[in-house]
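S.K.: Spelled out from the first residue to the last, the chains are:
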Amino acid sequence: MTVYEKKVHDLCFIIPSKVLRHFADRVTGQERRALLDAIEESAHLRGQRSVAGIAALTSMQTGEKRRTVFDARGKKTLPGKLVRGEGDKAVTDQAVDQAYDGAGATYDFYLEVLGRKSIDGRGLRIDSTVHYDRQFNNAFWNGRQMVYGDGDGRLFLGFTGALDVIAHELTHGVTQYSVPGGGLVYQDQSGALNESISDVIGSVVKQRTAKQTVKDADWLIGAGIMAPGVGKALRSMRDPGNKGLTWEGDDQPKHMRGYVEGGDVHTNSGIPNHAFYLAANALGGSSWEKAAPIWYRSLSLLTPNATFEDAKKATIDAAGLLFSKEEQNSVSEAWKAVGV
Amino acid sequence: MESCRRVGGNLKVVLRRWGGFTGPAGAEEYSVNVDSLPPEEGQKLRELVDAAGFFTLPPKLMKPAPQPWDFQHAMQVEDEGRKHSVQFHSDAAPEALRRLAEEVEARSSRR
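The listed protein sequences derive, respectively, from chains C and F. In this text, residue positions in the first sequence follow this note's numbering: the first is 1, and each later residue adds one. In this text, residue positions in the second sequence follow this note's numbering: the first is 1, and each later residue adds one.
Note that these hints are calculated values from the structure, not bench results. Any given hint could be a false lead.
[To be verified] Within a straight-line C-alpha distance of at most 25 Å, the following computed DSS-like cross-link-like pairs (lysine-lysine) qualify: (1) F/K44 <-> F/K83; (2) C/K117 <-> C/K211; (3) F/K44 <-> C/K76; (4) F/K63 <-> C/K76.
[What the hints assert, rightly or not] Label pairs and their in silico Cβ distance ranges: (5) F/S36 <-> C/T303: 37 to 45 Å; (6) F/F55 <-> C/G224: 55 to 63 Å; (7) C/G74 <-> F/E78: 27 to 35 Å; (8) F/P59 <-> C/G339: 28 to 36 Å; (9) F/D35 <-> C/Q94: 24 to 32 Å; (10) C/K75 <-> F/S36: 21 to 29 Å; (11) C/L111 <-> F/Q87: 38 to 46 Å.
Here the structure is a predicted model, which means the values were calculated and not measured. Ideal Cβ positions, reconstructed from N, Cα and C, are used throughout, including at glycine.
Hey, can you work out the whole structure from these sequences and the hints?
M.R.: Structure, rendered in C-alpha cells:
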C-alpha cells in the first residue's frame, strides 16, 4: 500500500462513500484506483457489520479467480449475507449458483480470450448479490459489485438465469477500469457505447459457452428473462427494434437514421450493437476470435465522452493493431452500414 | 384550518425510476395520492413537497458525468391545478427532493 493509498484507506472510515466517489470521479490513474478501492472496502465493511459469519476481508485484489455471492434476502442493503465463496460447493438456491457460474464463465472468457484478470485487470474479487429488493425488475453494476433482482414474475423473471445479463453487468466494471478517465459517461453516445460494449461481451460470452459460430448465435440479449407472453428477449443485435424477435416495447434503432437525440442509452445502443453484429459476421468464425478482441482493445483508445465516430475509429485502429488491413476494412464497412 | 385544508387538496405524486440492465423497460413506478393517506402521513408528504420547493425546481437535475449505477428518476407533482415534472439523478438532487422520493416510494405500491 502506497502512502497515498494508506491515506485514502484511513479516510474511508470517516468520509461517506458518496464523497469519496465524488473525488474519484474527478481524478485518474492511481488516485482514482485508490479511491475506488477505498469506497469498495468501506462498503463491504459497512455491510459486514450486519452480517455474521463472513471471514475477515483483506484485499479485494486477489490476483486469481475469486467469486463471492451474497443474498440480500429481499432487502436493499448491500452486500447481504455471504452464501457462497470461491470453491464452495453448489447450494440449493438456483440464483446463487447461477450468479456464481455466470461470473465464472465471464471471468474465464476475459482471462482465456482477452488475457485480462478480472474486472480491474488485477484480479479484483467478483462480488454478486442476488434476491435484491422485492420484485425488483432489474440487474445492475453499482461501481463495485453486481446486483440481481428476482423480477416481479409479471414482466421479468429472475435475472441470473441469463448468462449474457451477468457478463453484461460485469463488463460495466471492465469498461469503468478500461477506458482512460474512468469509463464511458453514461449519457448520450458515450452512454450508448457503454451499454453496447456490455451487450457485445454479454452475447459473446453466451456464444462461447454454447460453442456457437456467428451464424449459429441468436444474437438476443436477455433471452428468457421476460415472463411468458411479455416477450422473448429484451434486445436483438441482429435486428434491433424487431419486436417480433424481442418484445413490444423494443424501440432500438439499428441505423443512424433512427438515432434518438437525447434518447436513452438503452435505445441508441442498438446502433453500435448492430455494427458489432455486422462486423462479427464479416469477420466470420466465432465472435470471440476476432470481433470481440477488436472491440475490447478499442476501449483503451476511447475517452469518457466518446462518440460513435470515435468508436468507429477506435475499433478500426484496434483491428489494425491486432490483425490486418482486411479486418480493418470489415470493421469500417460495418460502421458504415449503420450510418456511422 | 389552513393546514387541515392543505393535507388533502388533491396532491398527487408520481415517481418513475429506471436504469441498470433493463433501462426504461424495467422502470419502477410509484404513485401516491395524499387523499388516500392518513392525515399525518399526508401532511408529511406535503411538507416535503414544500421543503423541496418542488414547483420552483428546474426540469432537469442531472449529474454532469453519470455512470451505469446512476439510475434516472422522473417525478411529477400535481397540486390544486398546478403540475410540474423534474427529472434527476439522486446525487444531483437536493436532500429534500431525495427525501420526498424515498417517502413516495415508502407510501405507495410499486407498479
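S.K.: Please name the hints from earlier in the document that this structure breaks, with their numbers sorted from lowest to highest.
M.R.: Of the numbered hints, 5, 6, 9 do not hold.
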